[in-house]
Amino acid sequence: MTRNQQLAACCAAVGLDLHEALQIGGQYVPLMQHGQEIHISGQIPRVGSQVVVQGRVGDSCSEANACHAAHIACLRALVLLYQHLGSLDGVARILRLNVYVQSAAGFTRQSEVANAASALLYQLLGEAGVHVRTSVGVYQLPKNAAVELDMVAIAA
Amino acid sequence: MTRNQQLAACCAAVGLDLHEALQIGGQYVPLMQHGQEIHISGQIPRVGSQVVVQGRVGDSCSEANACHAAHIACLRALVLLYQHLGSLDGVARILRLNVYVQSAAGFTRQSEVANAASALLYQLLGEAGVHVRTSVGVYQLPKNAAVELDMVAIAA
Amino acid sequence: MTRNQQLAACCAAVGLDLHEALQIGGQYVPLMQHGQEIHISGQIPRVGSQVVVQGRVGDSCSEANACHAAHIACLRALVLLYQHLGSLDGVARILRLNVYVQSAAGFTRQSEVANAASALLYQLLGEAGVHVRTSVGVYQLPKNAAVELDMVAIAA
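Protein chains in written order, with the numbering used here: chain W, 1 to 156; chain S, 1 to 156; chain B, 1 to 156.
Pulled out of the complex, with its shape left as it was, chain W reads as follows:
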């Protein structure tokens, strides 16, 4: 399978449409390229018009569900890159990934949640998917999303 076929398969598995315009929540754009740098807006685990993983991780949301949320949010970012570049092969590098986990008091496994996104990037992009990362536990996320993430990619 090519990278693009793999992305399509991953999207289909969670109900995302690779060719659909992704819904966003406010007065901004989901992606902007300046020079080779491609900035992506904060992505939450939204499929269609629904945020499919909500709640506070370590309390009303399990760590496994939070990993699923990170996976879907990361897929959305990859779909945006695919739609912008025409192919994942246009991604030379993921430079930075920021992961925000809506956390319960005492939940300290934000890195483990973020690993679900990092693993997907490596699975779909190989060495080009290896990145610098920051993950933190925040108090609330838009739409009660369990996870939000943004990234900076480098175009080939």
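You may find that some hints are simply not true.
The list makes no distinction among identical chains, and a pair is therefore deemed to hold if it is satisfied within one copy or across any two copies.
Stated by the list, open to error - Taking lysine to aspartate or glutamate pairs in the EDC-like style, the calculated list, with each CA pair at most 16 Å apart, reads:
| hint | residue 1 | residue 2 |
| --- | --- | --- |
| 1 | K143 | E112 |
| 2 | K143 | E63 |
| 3 | K143 | E20 |
| 4 | K143 | D17 |
Rather than coming from a laboratory, the hints here were simulated on the basis of the structure.
Starting from the known structure of chain W, arrange chains S and B on it as the hints suggest.
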């Protein structure tokens, strides 16, 4: 009105002085340009020496007041750009906006608060103000500010 | 003392080894350079395999300990730059510093905690260490770390 006149009017409406050196809180600089990229430090709704919108949004601070906080913090960022470049016309693009909302448990309208900043950017800069954005709800902000935001702009 | 000797002395004082590969927590890299920009992953106050300053600042962790945490996390970032560039003299500029403080409700001195990192950057790098900064108070950090920080540096 020119962009600069609009900025001056917006500043006057909230008590900000377009030509005054903005007070900051620590051992760093409010703005730094590298190549075309202009990075701006986290801005809170400070007017003169006072943080004018404090509290936890969804509890001791209303959503309307939080929007006002985002508006003022964004104005401060625009004042910094104006002072650095001599005119808002020197801004080719706002590349990224990060918005941190000091949130109550259960307050999930961080995007709506961030829209107050996004709307101001569009009002003053037009298409050049359209940006990529991440907004999250954090537990505490410096000086009990209701909102903090930072951005990256691109110089013309 | 040269910058590198100063860094070695600061590391020795807290038990960090300037030449040891720093342990990280997930499927990503600690540092990546693109063009002149060097991105560094989120650093917590880890020495060897132990996170040496844990807890919620303003409650189970004092502000003084939080400053120590920021100091160690910042040292780790500088060690990464040293290892990557062969010398701190290869750092032309610290462009941006983001500081996340695991905060108690009502703790609003995130800027004062972040100052411990900013002061270290200035001490070791002089004018090249002056940067743009954002500091926020988050609800939970990986491994219950009191402070996490990341940065973007510019290579000479």
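Unmet hints by their number, sorted upward, for this structure: 3, 4
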